[in-house]
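Given the coordinates of chain D, work out where chain Y should sit on it, guided by the hints.
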Amino acid sequence: MTNPSHPIANQPDSQVKPTWLQPLLMLAPAGVWLALLLVVPTLLIFELSLVPGIRPGQVVNPSGLDNYLRIVQPDYFPVLGRSLFFSIGTTLACLILGFPVAYWIALKVPHRWQNLVLLGFVLPLWTSSLLRSYAWITILRPTGVLNTILSKIGIPPLDILNRESAVLIGMTYSMLPYMVLILYAALEKLDRQLLEAASDLGATPPQAFWKVTVPQSLTGIAAGSLLVFITSMGDFVNPEILGGASSMTVARLIYNQFLGATQNWGFGSALSMVLILVVSIAIALLLKYGDRSAAGGV
Amino acid sequence: MPEKPVAKPAFSFPWLAVVSVLLFGFMYLPILVLAFYSFNDSRYSTGWKGFTWKWYVAFLNDSRILTALANSLIVAFFAVGIAAVIGTLMAVGLSRYRFPGKRVYQGVAYLPLIIPDIAIAVATLVFLAAVAIPASGGLIQLSLGTIISAHVVFCLSYIAIVVSTRLTNLNPHLEEAALDLGATPSQALVQVLLPELTPAIISGCLLAFVLSLDDFLIASFTAGGGSSTLPMEIFSRIRTGVKPDINALSVILILSTGFLFALAEYLRYRGEQKRLGN
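Protein sequence lines correspond, in order, to chains D and Y.
Per numbering that gives the first Met the number 0, the first sequence starts with residue 0, numbered consecutively.
Per numbering that gives the first Met the number 0, the second sequence starts with residue 0, numbered consecutively.
The following block holds chain D by itself, in its conformation from the complex:
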């Protein structure tokens, strides 16, 4: 979320006479830190991604696009596809589930209680992400909470854990608060008089919803969807803990190239670059279509 420049309002520039020393003292420490530990490393993995089959300690010698071509080969292409499937599925699920909640908080809950209700909804976000995923194991495993309840009411047990549906549940659970926060920010600004006008002019509630509410909250919908998509693309914890061996995603594949048995830094770097590229495209869309205040809504 880049913050477009916001000079302090009403402050003539002549009031502050920037010598080179003061700005340098303020901006250099963070700048050096970011350059050394963010910019240089990112450039480095780009360089490394061009080296096929590199292992720790080898000399960097850029030679080609082998690692990138490897991603689109039949062994690995489905992994990228599955990551996209999880991210898009999570985005849609969060949108469908999050919209009623955000709408309810923004338009039905009395104004003075809105912040508290919203806070209550996003509070679980602040607990350990690993432990929240782990809790879903307890719920979804074959002898877990869900199947115990199902068997009590006579429904045959569901085998969900270590499958794609478990990953989707876990990811939706993790991302839903973000979606609700952003949709709430958009819906709260909704012009209620337009809804009244629509209904006075004879629109049915569904008509008013699709012709007034949805168009007015479109920036929030776009911002929320892209944020959830971005976060889901990089999610490692949910697929790893809930997905079992079948749910390999880009993030898990990257992890394996560095900390797993595979140890192929060049390929792992190429995968990271692809992940950054996909996310950057999404950010470009977010900046183009999303509302800035909604995007920074966390």
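Any given hint could be a false lead.
[As the list claims (entries may be wrong)] Derived pair list, reagent style BS3-like, types lysine-lysine, alpha-carbon separation capped at 30 Å:
| # | chain 1 | residue 1 | chain 2 | residue 2 |
| --- | --- | --- | --- | --- |
| 1 | D | Lys287 | Y | Lys101 |
| 2 | D | Lys151 | Y | Lys101 |
| 3 | D | Lys107 | Y | Lys273 |
FYI, nobody ran anything at the bench for these hints, they're computed from the structure.
Frame of chain D, contents of chain Y only:
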């Protein structure tokens, strides 16, 4: 704006409230399940087998997890401390000065808010292993220190964004007045601007602290062999199976992060009330 919802809203059916309440249940279900099993006197059973404190006792006597917890707290404390200073300076500097390349600086500064953790983790590991460690002649080693330096990067972004939000809402004339009354620029900064920013800095720090405590990926990539943080320890235990002492740990962690979050929100709320009162 009317205090109450309009008389004829688009959807006046109760299903909206019902769906919302169900989803509140969905959000709290995993946490309640963890809490339930942390007091359940059976290692494997799904049903209730009686109340026990033994998982909490087991957790408190588990030196590996306590060491990991101490490591996590050390990392979070130092990372947030460093990030608070340089992040606040950066936010103030960015709000105040125009210079060539400012947009690039800003873009980079807030990049960690969006780039996936796994990509940051990979890049940091490659940099440390391929450049920093050889260049320093092995003086830099993967350790708590390298985790801290990696955590500073994202803590910095979060603190700076909270502080810069506060800066845009600030009365610009206070600092001018101080300067007009003869304060040096650094006096004006420390005695006038800093107190105004303190609530934002504190809530930014609490946010960064919670994120640092929760980080699994960046820590595992930059930790090296010897030291592990709490999420790394939790991860390796989850991989080996479901254990009730993790439930006890979850409840303790959830209560303490919940407390930190409530504190952060309270401080932000009080800061806003103060601003509205001015």
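Results of checking the hints against the structure:
{"no.": "1", "hint": "Lys287(D) - Lys101(Y)", "verdict": "20 Å, holds"}
{"no.": "2", "hint": "Lys151(D) - Lys101(Y)", "verdict": "63 Å, violated"}
{"no.": "3", "hint": "Lys107(D) - Lys273(Y)", "verdict": "28 Å, holds"}
Of the numbered hints stated above, the single one contradicted by the structure is hint 2.
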